[in-house]
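Chain by chain, the residues:
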Amino acid sequence: MVASDKLKAYLSERAGAPVEINEFRQLSGGACQDNYLVAMSMQSHGGSTALTNHETCVLRTDKGGALLGSLSRAQEYQVIERAVAAGVLTPSVKWLSEDTSIVGHPFYLMQKIEGTANPREILKSKKIDFKKLAADIATNLAKIHSVEYGSQVLPFLDRKLRPGTTDVALTAVADCRRLLDELPGGYPGIELCLNWAEANAPVTDTIVLAHSDFRSGNFMVDVAGGGNLTGILDWEFAHWSDRHEDIGYIRMRDWRFGKVKNEVGGFSSAEDFYPHYEAASQTKIDPVKVRYWEVMGNIRWAIGAAQQGERHLSGKDKGIEFASIGRRVAEMELEAMRLIEGSALN
Amino acid sequence: MQYRPEHTDLLDAIQDFLIKEVLPAVKDNDAVAYKTLVSWNMLGVVSRELKNGRTLLEQDIAALAQMLGEKINPHEFADRALWQKAQQLSVATSKSIRRSKASVGSAEWSTVKEILKHNLQISNPRYGTD
Chain L
329 MVASDKLKAY LSERAGAPVE INEFRQLSGG ACQDNYLVAM SMQSHGGSTA LTNHETCVLR
389 TDKGGALLGS LSRAQEYQVI ERAVAAGVLT PSVKWLSEDT SIVGHPFYLM QKIEGTANPR
449 EILKSKKIDF KKLAADIATN LAKIHSVEYG SQVLPFLDRK LRPGTTDVAL TAVADCRRLL
509 DELPGGYPGI ELCLNWAEAN APVTDTIVLA HSDFRSGNFM VDVAGGGNLT GILDWEFAHW
569 SDRHEDIGYI RMRDWRFGKV KNEVGGFSSA EDFYPHYEAA SQTKIDPVKV RYWEVMGNIR
629 WAIGAAQQGE RHLSGKDKGI EFASIGRRVA EMELEAMRLI EGSALN
Chain W
44 MQYRPEHTDL LDAIQDFLIK EVLPAVKDND AVAYKTLVSW NMLGVVSREL KNGRTLLEQD
104 IAALAQMLGE KINPHEFADR ALWQKAQQLS VATSKSIRRS KASVGSAEWS TVKEILKHNL
164 QISNPRYGTD
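Each protein sequence line maps, in turn, to chains L and W.
If you count the first sequence from 1, position 205 lands on 533 in my numbering, and the numbers rise without skipping.
If you count the second sequence from 1, position 13 lands on 56 in my numbering, and the numbers rise without skipping.
There's no promise every hint is true.
Stated by the list, open to error - Below, simulated BS3-like cross-link-like pairs (lysine-lysine); rule was C-alpha separation at most 25 angstroms, straight line:
no., chain 1, residue 1, chain 2, residue 2
1, W, Lys156, L, Lys646
2, W, Lys128, W, Lys78
3, L, Lys391, L, Lys646
4, L, Lys587, W, Lys78
5, L, Lys587, W, Lys128
6, L, Lys454, W, Lys70
7, W, Lys156, L, Lys617
8, W, Lys144, L, Lys617
9, W, Lys144, L, Lys646
10, W, Lys94, L, Lys455
11, L, Lys587, W, Lys144
12, L, Lys336, L, Lys391
13, W, Lys78, L, Lys644
14, W, Lys160, L, Lys391
15, L, Lys589, W, Lys160
16, L, Lys459, L, Lys646
17, L, Lys452, W, Lys63
18, W, Lys78, L, Lys452
19, W, Lys144, L, Lys452
20, L, Lys589, W, Lys156
21, W, Lys144, W, Lys128
22, W, Lys144, W, Lys160
These aren't lab readings, by the way, just hints derived from the structure by calculation.
Given the structure is predicted, the values throughout are model-derived calculations rather than measurements.
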């Protein structure tokens with residue numbers, strides 16, 4: 329994609345002044361999205377003098393067919409606005425357009441923040457105070473979960489799940505089975521784990537907004553500038569859920585990126601993470617529910633990995649990175665089975 | 044018949060080339076460096092599959108067929124047909140497990156776990172050692 333005259337005209341209209349695009353290049357993106365850096369300059373008039381303002385943003389748009397049940401850009405935009413209002417540290421958004429004639433798909437602009445989300449770079453850094461990072465991430469998670477379910481809040485996410493029931497867990501099990509049925513292959517390990525998950529579905533006390541991809545890789549950290557958390561990224565899977573879903577997810581073995589002894593994201597122990605979450609949310613974490621949702625996280629990622637392999641085979645998005653992930657399903661299946669058995673990490 | 048070196052030696056040579064020559068040349072481009080490493084890794088998967096895949100797959104098929112009450116002699120299948128048979132049995136086993144609600148502690152659980160361990164011997168033998 330290139331910075332077209334149509335894009336320039338749209339940005340000028342929203343800015344209320346002529347906009348010049350000085351730089352436009354692709355950044356690394358998510359599974360279903362493309363991100364582009366846009367450096368703009370625009371003229372404004374301060375009295376008798378003309379001023380030039382410079383602004384650099386990220387343009388976020390779809391990569392082609394959306395997959396994995398992710399949100400549309402318009403829905404993601406509203407989720408981010410709600411998260412920002414709840415005080416979550418995440419890049420703010422503006423100028424949503426659903427006109428597909430401008431860049432080919434709906435898009436919006438996002439504040440550009442400093443740092444890297446590359447988990448390997450973050451986890452090996454000597455400049456980061458990881459206890460502080462754990463506290464910051466835990467506190468931000470509590471802020472996300474402060475957005476409680478209501479039929480008028482983000483109504484497009486509403487699936488009529490009832491608090492005080494097993495609706496959330498059983499719906500997650502049903503969703504996984506539906507996704508499995510769309511795949512050509514058979515995954516007996518996932519099926520065994522889903523049977524366990526169905527039989528052991530926990531009650532959700534309060535239904536909250538879950539980020540649902542809350543893991544190392546989606547935390548932007550200013551490694552060069554002192555190691556502070558600068559933002560939580562990628563809201564495309566956000567939905568109403570049990571708070572323990574996100575806590576189980578950040579613990580998943582695969583998101584520890586080789587630092588398996590650090591059970592929270594490869595950067596923290598539970599002892600250095602949970603108290604900050606509990607203090608900020610005023611809610612006690614239930615370890616039994618965390619384990620349940622860690623199993624579900626592994627199941628969901630196992631299915632996601634199989635889907636990415638199929639995505640390569642279908643020709644929709646060919647690439648060695650997608651093809652190789654299809655061969656990783658067994659890792660998540662065995663990890664889910666280990667968690668269910670309650671065995672030690674080997 | 045083909046002359047030496049055999050397929051796995053060729054794959055080893057490509058792996059060496061990727062890690063020793065390509066990776067240092069592209070190290071400043073994160074995305075290409077990452078794909079180079081993934082490619083090196085996948086060549087290892089293919090190499091291990093060529094060496095041991097058939098033996099492990101025959102064991103897996105025998106175990107799946109026994110679970111489903113089917114009589115199959117895996118030795119009778121050519122490589123491609125054996126792979127297709129495994130896919131078919133895996134789908135049938137998945138359906139049967141969903142119907143029976145089998146879970147932890149069942150015979151199916153132990154059998155499937157062994158099959159998954161075979162999978163990792165090919166796809167990621169270092170899993171669990173990190």
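Hints, one by one, checked against the model:
1. For a cut-off of 25 angstroms, the pair hint linking lysine 156(W) to lysine 646(L) is broken: about 31 angstroms separates their Cα positions.
2. Only pairs whose Cα atoms come within 25 angstroms are accepted, and lysine 128(W) paired with lysine 78(W) is rejected, the gap being roughly 32 angstroms.
3. In summary, the hint linking lysine 391(L) to lysine 646(L) is supported, as the alpha carbons are separated by about 13 angstroms, within the 25 angstroms threshold.
4. Of the pairs offered as hints, the one joining lysine 587(L) and lysine 78(W) holds, with about 22 angstroms between alpha carbons and a cut-off of 25 angstroms not exceeded.
5. Taking the CA atoms of lysine 587(L) and lysine 128(W), the gap is about 38 angstroms. The hint is violated against a cut of 25 angstroms.
6. Proximity of lysine 454(L) to lysine 70(W) is assessed by CA-CA distance (about 21 angstroms); at most 25 angstroms being required, the pair is judged to hold.
7. Restraint check for lysine 156(W) and lysine 617(L): the C-alpha separation of about 24 angstroms stays at or below 25 angstroms, so the hint holds.
8. A threshold of 25 angstroms between alpha carbons decides the hint, and for lysine 144(W) with lysine 617(L) the separation of about 21 angstroms falls inside it, so the pair holds.
9. Under the criterion of a C-alpha separation no larger than 25 angstroms, the hint pairing lysine 144(W) with lysine 646(L) is inconsistent with the structure, at around 36 angstroms.
10. As the CA atoms of lysine 94(W) and lysine 455(L) are separated by approximately 44 angstroms, the hinted pair breaks the 25 angstroms bound.
11. For the hint pairing lysine 587(L) with lysine 144(W), the CA-to-CA distance comes to about 35 angstroms; that exceeds 25 angstroms, so the pair is violated.
12. Straight-line distance between C-alpha atoms of lysine 336(L) and lysine 391(L) comes to about 21 angstroms, which keeps the hinted pair within the 25 angstroms bound.
13. Restraint check for lysine 78(W) and lysine 644(L): the C-alpha separation of about 18 angstroms stays at or below 25 angstroms, so the hint holds.
14. The hinted pair formed by lysine 160(W) and lysine 391(L) fails the criterion: a straight-line CA distance of about 35 angstroms is larger than 25 angstroms.
15. Proximity of lysine 589(L) to lysine 160(W) is assessed by CA-CA distance (about 22 angstroms); at most 25 angstroms being required, the pair is judged to hold.
16. For the suggested pair lysine 459(L) and lysine 646(L), the alpha carbons sit about 40 angstroms apart, so the restraint of at most 25 angstroms is broken.
17. Annotation: proposed proximity of lysine 452(L) to lysine 63(W) holds, straight-line Cα distance about 23 angstroms (limit 25 angstroms).
18. A threshold of 25 angstroms between alpha carbons decides the hint, and for lysine 78(W) with lysine 452(L) the separation of about 20 angstroms falls inside it, so the pair holds.
19. Distance hint between lysine 144(W) and lysine 452(L) is unfulfilled; the C-alpha atoms sit about 43 angstroms from each other, more than 25 angstroms.
20. Restraint check for lysine 589(L) and lysine 156(W): the C-alpha separation of about 23 angstroms stays at or below 25 angstroms, so the hint holds.
21. The straight-line distance between the Cα atoms of lysine 144(W) and lysine 128(W) is roughly 24 angstroms, inside the 25 angstroms bound, and the hint therefore holds.
22. Proposed proximity of lysine 144(W) and lysine 160(W) is supported: the alpha carbons are some 22 angstroms apart, at most 25 angstroms.
Going down the numbered hints, you'll see the structure goes against 1, 2, 5, 9, 10, 11, 14, 16, 19, while the others check out.
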